[in-house]
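Those protein sequence lines, which keep their order, are chains A and B.
Residues in the first sequence are numbered from 1 upward in steps of one, following the working numbering.
Residues in the second sequence are numbered from 1001 upward in steps of one, following the working numbering.
Possibly wrong hints are sitting among the right ones.
One-sided and incomplete, this derived list gives chain A residues near chain B with beta-carbon spacing under 10 Å [stated by the list, open to error]:
(1) Pro138
(2) Asn142
(3) Phe250
Okay, the calculated beta carbon distance ranges per label pair [unchecked claim]:
(4) Lys1057(B) <-> Lys47(A): 51 to 59 Å
(5) Ile1103(B) <-> Gln52(A): 21 to 29 Å
(6) Leu160(A) <-> Glu1256(B): 46 to 54 Å
Since the hints were derived computationally from the structure, they do not count as laboratory data.
Ideal placement from N, C-alpha and C gives every residue a C-beta, glycine not left out.
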Amino acid sequence: MEISIISGKGGTGKSSISAAFATLSSDVVLADCDVDASNQHILFKPKHEEEQEFTGGQKALTDPESCTNCGICVPYCRFDAISFSDNGVIISETLCDGCQLCKRVCPHQAIKMVDYNKSRMYTGSFRNGRMVYGQLAPGEENSGKLVNLVRDKAKKQAKLHNIDTIIIDGPPGIGCPVISSITGTDHVLIVTEPCLSGLIDLARAAEVSQSFGIKTSVLINKFDLDQNLTTDIEEWCYKNQLEIVGFIPFDTMIVEAMVNCKSIIEWSPDSAVSIAIRDACKNILYEKR
Amino acid sequence: MLKASGIKITIASGKGGTGKTFVATNLFQSLSMERIPVTLVDCDAETPNAKLFFKSKKESTREVTQKVPVIDESHCTYCGKCHEYCNYHAIFFLPQSQMIKVIEELCHGCGACLVACKYGAILEKDSELGTITRYSLTNHNTLIESRMHTGVYSPVQVIKKGIKEATDQIITILDAPPGTSCPFIHTVLKADYVVLVTEPTPFGLSNLKQTVDTLRLMEKSFGVIINRAGLGNDEVYNYIKQENIKLLLEIPFQREIASTYSRGTLLTEIEPEWKKKFLSLFDTIIKENGNINHQR
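So that you can see chain B by itself, here it is in the shape it has in the complex (with noise of 0.2 Å):
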């Protein structure tokens, strides 16, 4: 096998469900099985599901805070300073009334309040995010899970420190959150190689060119597999032609292959074949690792 160790792929795709964390958990269990080291960090903090996938023992959990301001009124003049640094109309202030108070729904953490009170009036709590869960599995690999709380305005900062409680030495697998906005930015930006999950429909494409357009703008080596190949049309064939961009593989749709799925089962535990193209797939990443795409 080629060097390999500390390589970090996210596997990602533009629209939901094209098979993100089939593909992660899969790649994830052929190397398992091998017996290499290897991690997986579930990204999509949103709904992560790729637990559901394994027989594993949960190892420790921490929170993730984030700090948001407290305003001691006993110290606080109303002078209104922190309400005017703060960009996200965290602090809400009725000069009149002398009434001031942090909306922490609102707030992002970053500190410019503190910055503004003269007073010393503001003081700074942790507010709870999401979670981290290490969980070690019976082949002594660890998955990462990062899990945001409902109601939290963005999944940024539990994806980060997800990314970061992974081990730089060890192969390591980042399952992304859907889309191209700033979840998906922060799974990618610490990745060598980017995989794309997509869809051979109309609807797959117009995510995969999203995704693609993004990953160039970045400078990142990446590659796409076509989920459910059989079902709707050549045009993803066609665009990755055209573009030059590596084929990885092809899963086939079949019945069989989502019903496996559907129930929690890893193809690549039951059939053989399946984890010789998972492992074959991990050799091409190795290969393809640094080779970026640049033609445009």
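Bound-form chain A, shown alone (with noise of 0.2 Å):
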């Protein structure tokens, strides 16, 4: 079983929950997606087996030797990533966005496409099984193509260990990223926390996640933040057919725990906070049935 966990907005505590989903079970895949800024390794410092090269592109570079500065290239170039210099044209890494049209239209042969080829994916092993994990450059485009690496990954070393659990911790966001962290799971699990824009966030998250007809189910974090807002988000969520799996309390133990390199579980297995996140997990296991 495939189970996706995102969010919407930031900070709701999605990357503690998978933690805590991840170490529920001695033996489980952990993908995580969130490639813009993994956290998960920083808690498990898994063993890396496997290092891999991720090419997310190709950007336009002008050689300076063959330049002529015609400037023809430049009212081409969609991306306004072309300006003129003393030195023939200079083509902006940051806003280029890898097209090759201006080396198509150069007549001087002078712009060629590099690989841009900063990203990794890392696989190993980790106390409570395998582990996959992606970091992107910075300023790449987060195309979802990283992230559907990891996931093709995580998905093999399942079959490979013979494992059936894998746990996504997806990105922060709507966008294509999050997309390629759930199509095709099992389940869609959008963590939330009771303030406006957590509750705005998670109604544009299940538009993504409802859109793919997936199994998709809430966990308020924080639930005793605010009461009213949580009674809000319980309104929205029945409105809208959305299953609550759980209610998680507020406590800085999981800082605590997050600052130890442990998982909420690991850290203290009965805490109140603890107990919650397995019988969340326990809904969404008697769902599938």
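From the two separate chains plus the hints, produce the assembled complex.
The structure is reproduced here in structure tokens:
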């Protein structure tokens, strides 16, 4: 079973909950798909067995020797990436989208495309099973391609090691990397918290998840921080036919656990937080049947 | 007050949920209460939330569009040149069965297919990516919201348009999306100064380091705000001290601060002490601006 954990809004506790889920059983594959800010490896310090390069795309580069500064390429660029200089045109690495049109229109063959391959994917073992995670290089387009690779690798790892459960720690937002993190999974768990933005982002995330017809449920983290807003979220979920699988109380112990590089389940297995997380997990597995 | 007109300040963080919007909205509010003209641009186009904190009147909304090709099959010779030119695999082509189709979701609107076609068989239409909405607030200041439609491949174009919408002469606060990928870079690109909001936890530190490395590459001046101070450990403090990074402000972890925010109320509006703190944060930013920290 593949469970994807997302949130819409950042900082609702998605990663802490994912880490807790990953330590509930002794045999899981944990896939950190928040490739823009992966964090699970900090807690679990996996033993790296494989490091793979990821080429996200290409960037155009001018050869100052051949460039005559004719400027033919400039108006063709729809990303405003090309500007004039004394040494021929300059293509901004940040703005270049890699479409290759400038290279195609250059009459002097002065532009070449170079692979942008600073991103990485790591595979290894950790104390509760296997772990795969991606690290996107700064400034890369988070197109979801690296997320797809991480997920493929996680599936292969699950098969290879005969593991049933894959836990996916997804990225915030609602864009491509989120879509890549949830498509084809068995269950999407949206972690929210009782604040106005939490509810609004929950709605946006649920819209995306439900549009793919994936079984979606909600976990309200820090539910006791604002009882009224928690009630609002409950009401909203009821109206939109989303099951709430659990209510996690607010406890600074979650931070203590993180500081000690442990999941809350490992740090304090009998705490109210851990009990609530275990129940939530049972609810998801029960639903599956 | 020091010379500040037209400064663009980006509020960013690698990790989500560290308090970017909290800082951006409260800084905006504090300046507004002093009758200083300031614009807030919500660049978190995937999940824009800044508007929740203000009583505002919608002034205008416009669509952000991108060109996508339309193939006029009455002129198409099925030569496949456009398919070959497309670097995004957005033109599906089966030569044997003379089948050609644009996959709009994959198109980046670069226009290469248009250049490729020698038969005038490619036209373009506008495809909607999101909206830019201007809101005017009671104090005449402006909030600009970039909002991406669900299912769009990237928020970058919507973010760029939102930033362009702000007037250059006025102090502008940009509330960035999380992470350090494209959307973040585009929010930082035009900024004079970047405020990084973090929290004193291992996750906060790891994402802070990643963001600092990126900003140093971009040669931006920046400083750090530690939110939820008192939680976690000292490692973020050790790191910024060791790296000689300016600590701009500490916001203590207090349940009341969190619950004020969660209800959509601005701390600076109800606590004069906090308004003062955010105004002095602004003064510090103005003093620090241009002070590029190259030490590594």
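Results of checking the hints against the structure:
Checking Pro138(A) against chain B by beta carbon gives a least distance of about 4 Å; that is within 10 Å, so the hint holds. The criterion of a C-beta within 10 Å of any C-beta in chain B is met by Asn142(A), whose closest approach is roughly 4 Å, and the hint holds. Residue-level restraint check for Phe250(A) holds (minimum Cβ-Cβ distance to chain B is 8 Å; threshold 10 Å). Between Lys1057(B) and Lys47(A) the Cβ separation comes to about 57 Å, which falls inside the hinted range of 51 to 59 Å.
Checked against the hint of 21 to 29 Å, the C-beta distance between Ile1103(B) and Gln52(A) comes to roughly 27 Å, which is consistent with it. At about 51 Å, the CB distance of Leu160(A) to Glu1256(B) agrees with the hint of 46 to 54 Å.
In summary, this structure violates none of the numbered hints.
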